[in-house]
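These protein sequences, in sequence, are chains Y and A.
Heads up, the first sequence is in this note's numbering, so the first residue is 1 and it goes up one at a time.
Heads up, the second sequence is in this note's numbering, so the first residue is 1 and it goes up one at a time.
In short, the hints are calculated from the structure, not lab data.
Any given hint could turn out to be false.
Which chain Y residues face chain A? A few, computed with CB under 7 Å, are given here [claimed, not checked]:
1. I35
2. L72
3. V128
4. D167
No experiment lies behind these values; they were computed from the predicted model shown.
From the three backbone atoms N, C-alpha and C, an ideal C-beta is built for every residue, glycine too.
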Amino acid sequence: MGTSKANPLEPRPLPSQVVKDDEPLLVAAAKDGDISAFETLVGRYERKIFRLAQNITQNREDAEDVLQESFLKAYEHLGEFQGNSRFYTWLVRIAVNQALMKLRKRRPNQVSLDEEIDTGEELMPREVEDWGPSPEERYKQSELSQILSSAISDLDPSFRIVFQLRDIEELSTEETAEALGLSIPAVKSRLLRARLKLRQKLNRYFKRSENS
Amino acid sequence: MNCRSIIKELSSYLDEGLDTALKDSIEKHLEHCEDCRIVVDTTKQTIQIFCNSEPAPLPEDTRVRLRQALEKRLRRVRA
Chain Y
1 MGTSKANPLE PRPLPSQVVK DDEPLLVAAA KDGDISAFET LVGRYERKIF
51 RLAQNITQNR EDAEDVLQES FLKAYEHLGE FQGNSRFYTW LVRIAVNQAL
101 MKLRKRRPNQ VSLDEEIDTG EELMPREVED WGPSPEERYK QSELSQILSS
151 AISDLDPSFR IVFQLRDIEE LSTEETAEAL GLSIPAVKSR LLRARLKLRQ
201 KLNRYFKRSE NS
Chain A
1 MNCRSIIKEL SSYLDEGLDT ALKDSIEKHL EHCEDCRIVV DTTKQTIQIF
51 CNSEPAPLPE DTRVRLRQAL EKRLRRVRA
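The following block holds chain Y by itself, in its conformation from the complex (with noise of 0.2 Å):
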């Protein structure tokens, strides 16, 4: 089996939807009240839960308050959970709306995930450079997260999130357009300016030029 090509017009599983093994296994037992399958979960996804909370409210504080919140609520509704999701993805989704939440109540005026954005920008990339192959293993890893975490803080909350979701949640389109509320058409509009314009910020760091 593990010799045999993937057909190539078949579309290849996203992360998100590859279930580790136990994952199942523990989220059963939790449900029964195994208070250490619960505690396990949390473990394996705690850094991610609060990356993506920080991401999202771009604030410490609330971020924490999401992250202590999340599992509690998952802990709650766990019985809600009929398996037909990874439970990681269930559990984004109760960050994400925890986050918005706080966001929403820090900032009522600036985010709104409901209306079209039309910025009248344009799409068209302005530096067109080659960064060459692996640009990133040229910093260090605490230069490059810095640089990562600076570039995603700059995008707006509305690009930020939909590009939090699909391209380091990995979840897939649908799961992210159903999580925000948004149609699909506009999940893919956000994401390819999100794309574009983190392209850009970090063409600065990784172009071959400023490094040859």
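Given chain Y, put chain A in place with the hints provided.
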């Protein structure tokens, strides 16, 4: 296809969400347009760099407070 329509279809192309005919015409354009090739490649790298980035370890005080909050709730459930 021109460069503008390549950019418009960039995300779908990278996500492998295009039909074969459209994909072929993009690839035909990429064969002779270096600028578009670089944009496709660097956008793909952008996605990979973010996707592969490991989340930082949880700050110790944040971890302690999370454990305390969970413990408090779980104890209430057990009681």
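Structure versus earlier hints, numbers of those that do not hold, lowest first: Going through the list in order, the structure violates no hint and respects every one.
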